[in-house]
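J.: Chains as they are written, first to last, in full-length UniProt numbering: chain A, 1 to 329; chain B, 1 to 514.
Honestly, the hints are just simulated from the structure, not real lab data. Please read these numbers as outputs of a predicted model, since none were measured by experiment. Yeah, the Cβ is synthetic: ideal placement off N, Cα and C, and Gly gets one too. Any given hint might turn out to be false.
Below, a list of computed lysine-lysine pairs in the BS3-like style, where the Cα atoms sit at most 30 Å apart [claimed, not checked]: (1) Lys177(A) / Lys187(A); (2) Lys329(A) / Lys226(A); (3) Lys226(A) / Lys434(B); (4) Lys139(B) / Lys187(A); (5) Lys226(A) / Lys149(A); (6) Lys289(A) / Lys329(A).
Listing some non-contacts, in silico: residues in chain A with all C-beta distances to chain B over 12 Å [to be verified]: (7) Val67; (8) Glu81; (9) Asp182; (10) Gln200.
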Amino acid sequence: MKLDTIRRGLAVLALAAVPLAAQAQDFTPENPECIAPANPGGGWDFTCRQVGKTLQDLGLIPSTMQVVNLSGGGGGVAYAEVVNKRNDDNDLIVAASSATATRLAQNAYPGNTMDQVRWIGAVGADYGVIAVAADSEIDSLPALMDQMKSDPTSIAIGGGSAVGGWDHLKVLIAAQKAGLTDVRAVKYIAFAGGGEAVTQLLAGSLQAFTGDLSEAKGFVESGDIKVLAVLAPERLPGEFADFPTAREQGIDAIGANWRGFYAPGAMSDAAYAYWVAQIATLYDSPEWKSVMETNGLAPLDLQGDAFQAFVADSVASIESLSREIGILK
Amino acid sequence: MDTLANLADGFAVALTFQNLGLALMGCFLGTIMGALPGLGPSNGVAILIPLGFTLGLGPTPSLILLTSVYFGAMYGGRISSILLNIPGDEPAMMTCLDGYPMAQKGRAGEALALSGVASFVGAFFATWGLVLLAPQLVKVALLFGPAEYFALFTLAFATLGGISATNQAKSAFAAALGLGLAMVGVDTQTGVPRFTFGEVHLYDGIDFLVAIVGLFALSEVFVFLEHRGTDRDISTKPKVQIGRIIPPWSLIRSCIPTMGRTTILGFIAGVLPGAGASLGSFISYTMEKRLVDRDKTFGTGDPRGVAAPEAGNNAAAGGALVPMLALGVPGSGTTAVLLAVLLALNVTPGPLLFTNNPDVVWGLIAALFIGNFMLLAMNIPMVGLFTRVLLVPPRILMPIVAMISFVGIYGISGSSFDLLVMVGFGVLGWVLRKLDVPLVPVILGTLLGNEMEVNFRRAVEIANGDYGVLVGSPLSIGLWSIAVVGFVLPILFGARLKRRMRIPEDSEGGLTRD
């Protein structure tokens with residue numbers, strides 16, 4: 001507390017001494033910190049660590065990014081901590097993804113809303129896939145949807161998120177677009193992670209898998225599963241070009257799990273501008289492009305106000321979908 | 001032959017000065033982290049990830065460093081179990097049962113050395129299992145659907161009676177308590193929060209480590225506080241004897257069959273994603289007790305009761321690498337962290353890892369062999385050093401235990417709420433100790449309860465509500481049979497055995513008669 005006060009005092013002094021116009025360029029974080037709102041090993045942890053490492057490699061931050069794992073409540077503990085206790089911390093960014101937007105939309109962070117923080121930018125998106133085992137008779141997304149229409153109990157779809165989570169919603173979006181009237185009949189089985197769900201797909205317990213492209217990538221290469229559709233607006237570049245989109249099969253469903261960052265709500269404009277600029281520079285670097293390629297991340301180039309608007313949009317659309325399927329009353 | 005050639009290549013990768021140095025450092029740091037309550041293998045590995053990045057290490061050296069930490073922590077967890085009755089991490093819980101009584105009898109040195117040897121045996125043969133059987137074992141993992149997992153966890157609970165010999169009802173009560181605690185949090189199958197009282201910190205459920213540190217370490221501190229200045233004050237108790245450091249060969253030899261059996265059991269438990277090292281050490285201990293405990297010495301300081309869980313949990317640590325390397329699916333919390341490291345280093349885990357990155361895989365496996373020998377060589381001479389802990393007077397030791405607990409738990413999640421939960425568990429542990437309720441089943445309930453419930457519901461849901469699916473495959477029928485036999489046999493034959501045992505027991509003044 002005391003240290004904070006001193007630091008804030010120093011910052012005020014520094015600001016007073018500097019001509020106002022130069023503010024945006026003059027902010028540099030003393031102790032850049034990234035909160036990963038989950039235990040080590042998950043997607044948020046990866047976002048923090050990988051971005052922190054690349055920022056440092058590129059010389060975009062003055063010192064090592066300290067990664068703090070603040071897990072709990074599916075990111076809700078970290079969100080509350082940032083809003084309540086660290087609202088004016090200029091050195092802090094927090095990893096976020098579609099899951100964050102989903103939970104905000106479903107009021108799963110009690111008492112918190114998306115405009116309590118400032119959204120910095122995205123570093124890529126992981127498009128959703130719907131896949132089946134390689135030896136499955138189903139070979140297109142409409143075929144899968146037709147079977148679900150005629151007998152919803154015959155298809156168990158597994159994914160790595162809880163019921164109502166993003167993996168579940170993706171398949172519901174597709175089902176809705178395919179004309180399934182009662183999406184609640186879709187048999188979704190929740191697993192602790194995408195990998196576990198794929199394993200059960202291979203073991204024959206499940207008939208289909210919904211998840212992110214990066215989770216499915218290794219198993220597609222080994223020939224164990226086949227991707228029925230990728231939920232992207234158009235075909236992805238490079239090695240993923242073979243996967244048909246849902247849209248070209250007549251089912252206009254798009255589901256991207258974006259990864260990005262938010263910052264405390266009362267962060268100074270100078271600090272906000274600094275972080276937006278650094279993330280933008282990072283995004284444009286060839287180093288980050290190669291990270292995206294190895295991890296199956298697709299382009300999603302949104303920073304600052306554009307990103308803020310994007311998150312607001314996705315929160316609104318998830319909210320209406322959740323209401324429709326009865327997760328949100 | 002291919003395999004051996006690959007392994008030789010792996011050794012060529014691992015045997016550089018840098019990599020050997022990293023392995024040594026990893027083993028040492030891991031042992032210490034494992035021994036400190038609250039800092040388990042997964043946190044130990046996570047803490048050291050930035051070190052790998054800052055040193056600018058490539059994928060193979062980073063993995064060598066981090067897996068050495070992993071194996072080191074699996075070795076180290078037993079140290080505080082034996083010396084202080086406080087498990088350093090979840091799998092080391094079972095080692096408390098016989099390790100601590102051995103230490104109290106003045107055989108701490110032997111227990112530490114023996115458990116070091118058992119750890120080595122488990123880890124060493126599990127690494128061979130990894131080399132020779134990884135591709136085949138993946139098929140075993142694929143036999144396990146939700147119904148089979150449910151049967152497996154039920155099997156674990158059916159043999160629970162093996163933990164405490166004194167009062168089965170109290171064990172059952174403790175397990176039920178643990179199962180109840182496992183229900184706290186958001187239910188993944190419906191998305192509904194249960195028993196969270198609107199408290200967002202509880203949405204993810206209760207962290208096992210918080211529960212363990214509270215139940216074991218803090219309650220120990222409370223018991224100490226309670227007895228301070230009374231005639232049961234342990235601070236004035238005569239010093240514990242350390243005993244000999246190197247166990248006699250005959251002792252090790254008598255444990256060889258135990259180590260052999262539990263290595264296999266532990267390895268299999270490790271291979272199954274979601275089961276992991278805790279189940280490995282637990283099943284190893286209870287099975288071994290069922291098999292060889294003819295004189296009812298388990299739980300009172302039987303060396304075999306120390307060797308069994310240690311061989312089991314270290315074998316499971318090796319086994320957990322099978323699904324991680326061969327499928328890209330983590331078999332335990334720690335392997336999940338290791339997978340994340342692979343991703344961060346631009347290596348894609350998955351079924352093709354062996355083909356695409358042979359240098360990473362085989363370098364890692366070779367490093368495991370080297371790490372194992374280092375750990376054995378490091379651990380035996382250090383037994384003397386570790387046992388000095390017993391010479392520290394409790395009035396100094398206990399505050400240190402409390403401090404490490406708080407720092408360790410805060411370090412995991414960075415939330416002060418967890419500290420309150422930990423204190424709550426400390427009080428609960430103290431009350432349960434007063435009532436003579438064993439603590440281990442509480443943790444097991446919490447640890448396995450969730451997986452058991454979730455798999456049950458997955459199985460039934462996939463089968464559209466048909467409960468027949470639970471006994472729908474030969475494998476699940478087999479598991480159920482073992483569970484039933486393991487549960488019923490002791491009830492049928494226990495009484496007869498007890499009658500036969502009565503005379504020697506009484507002469508020792510061991511058990512109270514009813």
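J.: For every hint, state whether the structure bears it out.
T.: These are the hints, each one checked on the structure:
1. Lys177(A) / Lys187(A): 17 Å, holds
2. Lys329(A) / Lys226(A): 36 Å, violated
3. Lys226(A) / Lys434(B): 58 Å, violated
4. Lys139(B) / Lys187(A): 26 Å, holds
5. Lys226(A) / Lys149(A): At roughly 21 Å apart (the allowed maximum being 30 Å), Lys149(A) and Lys226(A) satisfy the hint.
6. Lys289(A) / Lys329(A): 41 Å, violated
7. Val67: 7 Å, violated
8. Glu81: Non-interface label fails for Glu81(A): nearest chain B Cβ at 8 Å, not farther than 12 Å.
9. Asp182: The assertion about Asp182(A) holds, with a minimum of 16 Å to chain B.
10. Gln200: 6 Å, violated
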